[in-house]
Amino acid sequence: MKAIIVEDSRLARVELLTLLQAHPEVEVVGEAANAEEAKILLSKTETDLLFLDIQLPGANGFELLEALDEVPVVIFTTAYDAYALKSFEYNALDYLLKPIKPERLARAIEKALAQQIQRQSGAERLDLEHRIFVKDGERCWIVRLGDIRILEVYGNYTRIYFEDQRPLVLRSLNYLEERLQPDLFFRVNRQQLVNVRFIAGVDNALGGQLRLRLQTGETVEVSRRQALKLRETLRI
Amino acid sequence: MSRFSPFWIAQTGGWALFTVVNLALQQSVKFDFRWMVIEVMAGVTGFAATLLYRQLILRLGWQTKPLLTLILPVLVASVLCAALWSVAFALIAKPLMWLMALKELPFFHLFLGVFINGVIIVIAWSALYFAYQYFSKYTRNEAEKWRLQIALRDAQLGQLRSQVQPHFLFNALNNIRALVLENPQQARSMITHLSDLLRYSLTSSSHEKTTLEQEIEITGDYLALMAIQYEDRLHTRIDLPEALKPALIPPMLIQLLAENAIKHGVGKRPEGGSVHIQVGRQGDDLEIIVANPGVFSPGVPNLDDHLGVGLNNIRERLTLLYGTRAEFQITSGEGLVRSMVRLPLEWIASKPEA
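Taken in order, these protein sequences are the chains called A and B. Residue numbers are given in our numbering: position 28 of the first sequence equals residue 28, and the series is strictly consecutive. Residue numbers are given in our numbering: position 167 of the second sequence equals residue 167, and the series is strictly consecutive.
If you are wondering where the hints come from, they were derived from the structure by calculation, not from laboratory data. Note that the structure is a prediction, hence the values are computed from the model and not measured. Quick reminder that beta carbons are idealized off the backbone N, C-alpha and C, glycines included. Misleading hints may appear alongside valid ones.
Stated by the list, open to error - Beta-carbon label-pair distances, calculated as ranges:
#, chain 1, residue 1, chain 2, residue 2, range
1, B, 243, A, 43, 53 to 63 Å
2, B, 205, A, 163, 20 to 30 Å
3, B, 232, A, 177, 44 to 54 Å
4, B, 199, A, 17, 53 to 63 Å
5, A, 45, B, 199, 55 to 65 Å
6, A, 166, B, 184, 46 to 56 Å
7, B, 166, A, 43, 33 to 43 Å
8, A, 138, B, 340, 43 to 53 Å
9, B, 340, A, 163, 30 to 40 Å
10, A, 175, B, 199, 46 to 56 Å
11, A, 166, B, 166, 28 to 38 Å
12, A, 204, B, 295, 24 to 34 Å
What the hints assert, rightly or not - One side of the interface only, derived from the structure: several residues of chain B facing chain A at Cβ under 8 Å:
#, residue
13, 167
14, 178
15, 269
To be verified - Quick list of in silico lysine-lysine cross-link-like pairs, DSSO-like style, CA-CA up to 30 Å:
#, chain 1, residue 1, chain 2, residue 2
16, A, 39, A, 111
17, B, 268, A, 101
18, A, 111, A, 135
19, B, 30, B, 145
20, A, 101, A, 229
21, B, 145, B, 65
22, A, 44, A, 135
23, B, 103, B, 30
24, B, 268, A, 39
25, B, 268, A, 135
26, A, 44, A, 111
27, B, 209, B, 245
28, B, 268, A, 44
29, A, 2, B, 268
30, B, 94, B, 30
Okay, chain B solo, but in the shape it has when bound:
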């Protein structure tokens, strides 16, 4: 431990203060240089005795034990420490007094003179020492907890990374394979849509946000690929006001909502259906609504469990990124299921608020 650690500053400063106060009290009664030497000796022996006491504490590992279990051992140790201090003082003071030709006092007198107050002072010393230990441990723990929480949030966000679902990917590839013979031009454009979507999914990180403009473009790629799977069973519409294009949202958010809407509103219905994506501004919030035909029935077990996972993914990401300032709701009525996400409006750095 460095000589300038909080302990050494407090130990030295504390005992210096003790000595100064002691001197002031004694000398105000009757000034005598020889008595000053004796008083300083009391401070020096106290300094030394508590250092030994601290060694004992460190050796026994008391600083890590619960405070309540320490009360009795500390009281006993404090008395012993005060006794050690008093003996040391008496052993030094006795010959000094003789040397300086002061009126000699019996050894026992000298011992008691320090011991009575000494017990209280050492107990006070212990109280300060353990209070400090406890406080610094607490702040260390708090800092550690905080650091762990940030690490956990990062790890969770990393896990929640949205990716293109394998089921979708292989169906798209299978459809494109048939298109290559049937309509080569369309097959080529589908490969481009798929590339854009894959690139976006592979490179976007869940820690960063993306612009609505880009997210909608990628959702468009996704919908184009779904259109060759469902053909005339799928109809889509996207409403995005020009002014909101530079607003920031978590990547793959709208894509995942659209995927959910298609799975339930189109994929499960032989007659198909339409998916309507609406982005709007509500005060300082951004509101995204994705509607599909159907009735919302949470908790119904189905073959593709990843969708439930996908919706939880959205919920968890929103909580990790925005806390309570974001909202995610699924409601149903009039034959439609609406997924609504509301989150605080944020803009890319260069763009001033509209």
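Chain A with its partners taken away, still in its complex shape:
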């Protein structure tokens, strides 16, 4: 597993490297002292795992993740951060408290390996296994693309629907659409993208429009222009 360490203190990086000597399955391919360095490093190096300190000079750890199009498996490292720890209550992100206990590190790596195996199973589903980092106010999630059923315009942002959550992503819908596979996420109208795997049925609506029923019971209007394209997509 190729890993990158993002820590602003050199000694903290040395400490983590020392601890990782006991884990030959993790290969540290780069180190960064701030978010900017980390971003450049991540764009050049193939990375499976990110050890990330939350408090960094300039942009912090959350901001780094928000700027990434695709998020590798992340293990947060933090000294003591009431705010950050609070945000983890809502989801399954892993974090380590500094100074790090070797047993705790071993367990986190085990979990990361399991997550990586899950991600790699089935090459055609790779796109749906991509994960994005979402932070809305105090809460944050790492969301699997396959779990998102609707993406909706909200000003310059995008509201995403998954499970019973609807947080905002700080990206425009057009930006996201360009990066998503068109046969997986379909543009039904100006406002919305829909995950085709969630479509449960199609009804005719007035004026040649179509109405989609999702597995969750939600309905989505398809504009006349897009209705034709949708028929083609679904026929395939």
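Since the structure of chain A is provided, determine the placement of chain B on it from the hints.
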């Protein structure tokens, strides 16, 4: 209630005075011992009637009621009390006059003789009684308020106790852990710095002050520990004139200012920066300035909210300890943020003013 309480002194003294004045007025016209007895009886029955009246007041709890709502009840009660007094007087005076062979007056005459003046006297008695009650309640309240204020100030100061921040502490421990392998000698000295800082933080109380010399030493410990976190990204300089070393300041004040400066001026900047601590004298005031690179932007929400809390902590402690005689300002300009604290110069007891 003790027999020597203000009420009993006033009650006894007041009615004695009433009797003496009454006697003087009557006897100056025509001296007669038998009439003196009758006059004394007027005073004694008045004394007794107002005692009963007071029992009524206590029974009804009037002394705790708002003064304005009492005006009418007190007027009615005063008339009743005066009537009781007059009846009692007449009942005693009538047989006494007969016994002493004085010219007998009708019962109604005797009654009216006391009642007319009696109403006014009992109203005056009521006015004095309630005025005293009100006044003593007011002073009691004032004393209580004052006592509560002191208790509150102590409690607030206790809460404002500055402590080493957990984030800093665990980062320091993590760094030392790496140093143990890399540079054992330096690791040992860092453990000493951390011990000194922790001891100081745990034992210093926010009620007492500390010398500048000690505070600067502890700030030095803190900066040494921050230097292994930031290494070449952090530069520090401390200017403290020798003469000011025995001056007194609230503990952890400069440490907290330095922490704030590092967080903003170094921690948030990838390129790092330098922190400059300057202590000087301005007339009768002590002036502490901590400067760091950056631009001051109050109210910007950030991850580590405790710093805003820390600055408020400084402000509140200064107000509680010095009132308006202390000043705390943060200004920015020329790429620097300056935190300035100005407080009255105080010295440790043995040191004469320089």
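For each hint, the structure was consulted:
1. B/243 x A/43: 53 to 63 Å: 57 Å, holds
2. B/205 x A/163: 20 to 30 Å: 51 Å Cβ-Cβ, so the 20 to 30 Å window is violated.
3. B/232 x A/177: 44 to 54 Å: 45 Å, holds
4. B/199 x A/17: 53 to 63 Å: 32 Å, violated
5. A/45 x B/199: 55 to 65 Å: 45 Å, violated
6. A/166 x B/184: 46 to 56 Å: 54 Å, holds
7. B/166 x A/43: 33 to 43 Å: Given about 35 Å between the Cβ atoms, the range holds.
8. A/138 x B/340: 43 to 53 Å: 34 Å, violated
9. B/340 x A/163: 30 to 40 Å: 51 Å, violated
10. A/175 x B/199: 46 to 56 Å: 54 Å, holds
11. A/166 x B/166: 28 to 38 Å: With Cβ atoms ~34 Å apart, the hint holds.
12. A/204 x B/295: 24 to 34 Å: 60 Å, violated
13. 167: Holds, about 5 Å.
14. 178: Status holds, d = 4 Å.
15. 269: 6 Å, holds
16. A/39 x A/111: It holds: about 24 Å lies between the C-alpha atoms, which stays within 30 Å.
17. B/268 x A/101: Judged against 30 Å, a Cα distance of about 27 Å means the pair holds.
18. A/111 x A/135: Given pair residue 111 of chain A, residue 135 of chain A holds - Cα atoms ~22 Å apart, limit 30 Å.
19. B/30 x B/145: Distance of about 57 Å is beyond 30 Å: violated.
20. A/101 x A/229: 55 Å, violated
21. B/145 x B/65: 20 Å, holds
22. A/44 x A/135: Holds: residue 44 of chain A and residue 135 of chain A sit about 25 Å apart, inside 30 Å.
23. B/103 x B/30: 15 Å, holds
24. B/268 x A/39: 17 Å, holds
25. B/268 x A/135: Given pair residue 268 of chain B, residue 135 of chain A holds - Cα atoms ~21 Å apart, limit 30 Å.
26. A/44 x A/111: 25 Å, holds
27. B/209 x B/245: Holds, because 13 Å separates the two Cα atoms, which is no more than 30 Å.
28. B/268 x A/44: It holds: about 25 Å lies between the C-alpha atoms, which stays within 30 Å.
29. A/2 x B/268: Holds, at roughly 28 Å.
30. B/94 x B/30: The hint holds at about 20 Å.
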